[in-house]
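Keeping the supplied structure of chain A fixed, place chain B upon it in accordance with the hints.
Protein sequence lines, in the order shown, are assigned to chains A and B. If you're matching positions, the first sequence starts at 41 in the working numbering and goes up one per residue. If you're matching positions, the second sequence starts at 5 in the working numbering and goes up one per residue.
Bear in mind the hints are in silico, worked out from the structure with no lab data behind them. Bear in mind that the values here come from a model prediction, so they are computed numbers and not experimental data. All residues carry an ideal CB built from backbone N, CA and C; glycine is no exception. Hints are supplied without guarantee of correctness; some may be wrong.
[To be verified] Quick list of in silico lysine to aspartate or glutamate cross-link-like pairs, EDC-like style, CA-CA up to 16 Å:
# : chain 1 : residue 1 : chain 2 : residue 2
1 : A       : 109       : A       : 93
2 : B       : 46        : A       : 45
3 : A       : 109       : A       : 47
4 : B       : 46        : A       : 47
5 : B       : 82        : B       : 72
6 : B       : 61        : B       : 48
[Unchecked claim] Negatives, chain B to chain A, calculated, CB over 10 Å:
#  : residue
7  : 12
8  : 73
9  : 74
10 : 83
11 : 85
12 : 90
13 : 118
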Amino acid sequence: SQQGEEDPQALSIQEGENATMNCSYKTSINNLQWYRQNSGRGLVHLILIRSNEREKHSGRLRVTLDTSKKSSSLLITASRAADTASYFCATGLSMKTSYDKVIFGPGTSLSVIP
Amino acid sequence: EPEVTQTPSHQVTQMGQEVILRCVPISNHLYFYWYRQILGQKVEFLVSFYNNEISEKSEIFDDQFSVERPDGSNFTLKIRSTKLEDSAMYFCAIPTGVDWGEQFFGPGTRLTVL
Numbered sequence: 041s042q043q044g045e046e047d048p049q050a051l052s053i054q055e056g057e058n059a060t061m062n063c064s065y066k067t068s069i070n071n072l073q074w075y076r077q078n079s080g081r082g083l084v085h086l087i088l089i090r091s092n093e094r095e096k097h098s099g100r101l102r103v104t105l106d107t108s109k110k111s112s113s114l115l116i117t118a119s120r121a122a123d124t125a126s127y128f129c130a131t132g133l134s135m136k137t138s139y140d141k142v143i144f145g146p147g148t149s150l151s152v153i154p
Numbered sequence: 005e006p007e008v009t010q011t012p013s014h015q016v017t018q019m020g021q022e023v024i025l026r027c028v029p030i031s032n033h034l035y036f037y038w039y040r041q042i043l044g045q046k047v048e049f050l051v052s053f054y055n056n057e058i059s060e061k062s063e064i065f066d067d068q069f070s071v072e073r074p075d076g077s078n079f080t081l082k083i084r085s086t087k088l089e090d091s092a093m094y095f096c097a098i099p100t101g102v103d104w105g106e107q108f109f110g111p112g113t114r115l116t117v118l
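If we strip away everything but chain A, and leave its shape as in the complex, we get:
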């Protein structure tokens, strides 16, 4: 069974609008991370939120985490065409160490139309 699942699978918005992507997971986590991937390229780490945190900001990014609902959201404000990419949530599961693999969800494909 999948640990993380994002919705929507695809999102298309106009430049300047906000984009919200959601991620749900099944098991207890140590942290949740969001990554971005431009088409055919590598993965870029965006932000990490720990299980004892509820909200985190980085530039135009805002991430929330609700451990009771086992869900997270990524908000990109004032979107730009350059934000067009796939966005993945990934969970770090280990309670013993931060040195742990992450489990990826299937991703949300975001298209920002100029």
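The following block gives chain B in isolation, referenced to the frame of chain A:
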């Protein structure tokens, strides 16, 4: 920010051939991971490697796969007898961030098995 290079960027091989994918972190790391991403699918964990030993592996990482640190700096992923379904992007990653919970991904190697 750490840097990770991967070689080759693209490898084309015939089914049944052996391939070796290389990962070179710029700074000296003891811990690293391999992931793969089949085209259009999510990123999947393959194996983690710590201090010259496999720390954890997924069910994907069967006997056809092996990892090594042959010369103290490069990390290699070897696929002994490639199959068509091995065609994917292969990423290595190293832990980074405040408490090493983030994963810094290399640019990936695109493996095409014909």
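**Message:** If we take the beta carbon of residue 74 of chain B, is the closest beta carbon in chain A still more than 10 Å away?
**Reply:** holds, 22 Å
**Request:** Starting from residue 82 of chain B, check that the Cα of residue 72 of chain B is at most 16 Å away, please.
**Result:** holds, 8 Å
**Prompt:** Beyond 10 Å from chain A, beta-carbon-wise, is residue 85 of chain B?
**Reply:** Fine: 25 Å to the nearest Cβ keeps residue 85 of chain B off the interface.
**Given hint residue 48 of chain B paired with residue 61 of chain B - CA-CA distance at most 16 Å** = holds, 11 Å
**Asked** Hey, does residue 83 of chain B actually stay past 10 Å from chain A on C-beta?
**Response** holds, 19 Å
**Message:** Just want to verify: residue 90 of chain B was marked as not at the interface with chain A; is every Cβ pair farther apart than 10 Å?
**Reply:** holds, 18 Å
**Asked** Does the structure keep residue 46 of chain B and residue 47 of chain A at a Cα separation of 16 Å or less?
**Response** The hint holds at about 14 Å.
**Prompt:** Is it the case that residue 12 of chain B keeps its Cβ farther than 10 Å from each residue Cβ in chain A?
**Reply:** holds, 15 Å
**Message:** Holds or violated: residue 109 of chain A and residue 93 of chain A, Cα atoms, limit 16 Å.
**Reply:** Measuring from Cα to Cα gives roughly 14 Å; hence the hint holds.
**Prompt:** Going by Cβ atoms, does residue 73 of chain B stay more than 10 Å from chain A at every point?
**Reply:** holds, 16 Å
**Pairwise hint evaluation, residue 45 of chain A against residue 46 of chain B, where the allowed Cα distance is 16 Å at most** = Judged against 16 Å, a Cα distance of about 10 Å means the pair holds.
**Item:** Satisfaction of hint between residue 47 of chain A and residue 109 of chain A, Cα-Cα up to 16 Å
**Value:** holds, 15 Å
The structure is consistent with each of the numbered hints, conforming to all of them.
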